[in-house]
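The sequence shown lines up with residues 144 to 549 when you count with my numbering.
There is no bait here: all hints are sound.
Per label pair, the in silico range of CB-to-CB distance: (1) 313 x 242: 17 to 23 angstroms; (2) 199 x 514: 52 to 58 angstroms; (3) 495 x 397: 48 to 54 angstroms; (4) 256 x 305: 28 to 34 angstroms; (5) 154 x 401: 23 to 29 angstroms; (6) 504 x 353: 17 to 23 angstroms.
Bear in mind the hints are in silico, worked out from the structure with no lab data behind them.
Ideal Cβ positions, reconstructed from N, Cα and C, are used throughout, including at glycine.
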Amino acid sequence: MSKIIAINAGSSSLKFKLFEMNTEQVLAQGLFDRIGLAQGAIKIKYGADEEFKTNEEIKDHSYAVKRLLGLMLNLEIIHEFSEIKGVGHRVVAGGEYFKRSVAINSKVIRKINSLAEYAPIHNPANLMGIKAFKKILPTATAVAVFDTSFHQTMPKENYIFSVPYEWYQKYGVRRYGAHGTSHRYVADVAASMLKRPLKELKLISCHLGAGASICAIKNGKSFDTSMGFTPLTGITMATRSGDTDVAMIAFMMQKLDMHSMPEAIYDLNKKSGLLGISGVSSDMRDVMEESTTNSRAQLAVDIFVKDIVKYIGSYTAEMGGVDGIIFTAGIGENSAEIRSAVLKRLSYMGIEVDEEKNLLRGENIVISTSSSKVKALVIPTDEELMIARDVDKIMKKKNVKSAKLV
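All chains, full assembly: derive it from the sequences and hints.
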């Protein structure tokens, strides 16, 4: 049996899912949190609803990986390290260089490192995870799966900004997008649910979580997406502003006596969005709970819904129609109220919501009525499974061997 582990390494965390790929069964999943901080936390789910939890210092990613693999042995999730044949690593920024997932070698490592300026928090952390696993599992096939690669199919008019063209030529300034693995996964599932070839469909995927992006998917390929050069643009998010007027930033820097652009960008990334508008919370559940008595909380909800509707309308016009609208990620999968609010404003497109189905959670389901011209779907995303599938495909190709890193 081929076991593959999918890894998402953040600056102070490491998430994982271990799959038995013949059946795509999840053998274990978990989180190593607060890496490098005073009090770390480890949580692993495995077996028949079994769980391991502990709080301890996790000094760095190398320690986290050693501890994880050691716990897998101790908990009898695996019996020896060699059972893990492949390791898939989520990497945020692949620039224009990586158009698909790739087996990791020294050249790939150097390129990921050179692209760190496009994701200075994420890419270095992703590299730490890659190197830590390679030390302990040197013979396992390591694969990099990029958030940005799915969006490399966008036509040029959809990824070039209206700024001096030399900015793109010299510095790579363009729309890169994010959440590509999630959008790719739910599009595949949607095609299966609609019983139509993906290459014949026009879909709009709404990945709605703390970070949120909308993606137009035409004939199975990313056609346009709401996040831009960074994940700051697009719709209103938990603490990110989404689309805004850049001249307003210079204006507010003067008003607030800010001395550097990073100060302003910090406020747009960390103090804006639902939190900034509502003054209540960055969590949509808290904001909605307050919305009946707090006008600012209601305004935050209204703006969030409006942004989604605006992008769906724009992408429908761009693609010349739409066959299905997908809701996924934390808010998209779990908030019937947000889905209903969005779809009611799209009723002119021939969408009618089945309110009973809309209340269901945790499963792939069509929540529009059978007579709806455009189908609305809820699909729980599984980026880790998509990562594992990419690893499996690369492992099955001829002449792909474990690459030594130098």
